[in-house]
Amino acid sequence: MNRQIESLVTDRLDTWAGDLGEDREMYTNHVLRVLSFCDLQAGSAPGSVDAPSSREEFRTAAVFHDLGVWTAHTFDYLAPSISLACDWLVRHGQHRLMPIVAAMIDDHHKIRPIDGPYPEAEVFRRADLVDVSAGLIRFGIARADYRQVVNRYPDAGFRRRLARLGTQRLRSHPWSPLPMLKW
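The sequence shown begins at 1 in our numbering and counts up one residue at a time.
Check the hints yourself; a few may be wrong.
[Said to hold, decoys possible] Taking CB as the label site, the calculated pair distances span: (1) Leu136 x Ser44: 21 to 27 angstroms; (2) Leu181 x Val90: 24 to 30 angstroms; (3) Asp23 x His92: 20 to 26 angstroms.
If you are wondering where the hints come from, they were derived from the structure by calculation, not from laboratory data. A quick note: this is a predicted structure, and the numbers were derived from the prediction, not measured. Glycine included, C-beta positions come from ideal geometry on N, C-alpha and C.
Take these sequences, add in the hints, and give me the full structure.
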C-alpha cells in the first residue's frame, strides 16, 4: 500500500476518532489490510495505480464497512455503516457511487459468493474474509503475501475485539448473534 492511500484512510477516519477511541489503530489497520487483500486478489501490487485500492468505491467501502459498530454502538452495524458511507459520498460529490458502495458494505459478510451487478462486491467480500479468518481462507493469495500485509498492518487486537463484541451480542441477542451474516 502506498503512503498516499494510508494517509487518505487515516484522514477519512479522523472524523470518527472519538467514536473509535482506543480501537482506532486496530480498525485503521483492518481497513488497510482489506484494501491490500483486494489489490492482491486483483493481481495488483498493493496501492498501485491500477489496483482496487486506487478506486474510490473500494476506499470508501473499506473505511466505512464496519464503522457502524463504533458509531451506532451495535453489532447489527451494516445499515449504520452504509448510512455513514452514503452521507460521506454525498458530501464529497460522489453520489453516483452510492449503489456500489452500499452493495459492497451490505454484502461483505455473505456466506456464499455474491452474484450481482457489482463484481467489486465479491472482491471486497473475499478480502474481508481473508482478514477476519486470519488468513485461514486466502482465495489464492500466497501465504508470503498475506504475512507481508499483516506485518505491515498488525492486528493490534482486532480479532480479539470482534470475539468480545460477538460474545456480548450472543448474551444480549441469543437468537440473533451475528445479524450481519447473510446467505
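How the hints compare with the structure:
| no. | hint | result |
| --- | --- | --- |
| 1 | Leu136 x Ser44: 21 to 27 angstroms | holds (23 angstroms) |
| 2 | Leu181 x Val90: 24 to 30 angstroms | holds (28 angstroms) |
| 3 | Asp23 x His92: 20 to 26 angstroms | holds (25 angstroms) |
Violated hints for the displayed structure: none, as all numbered hints are satisfied.
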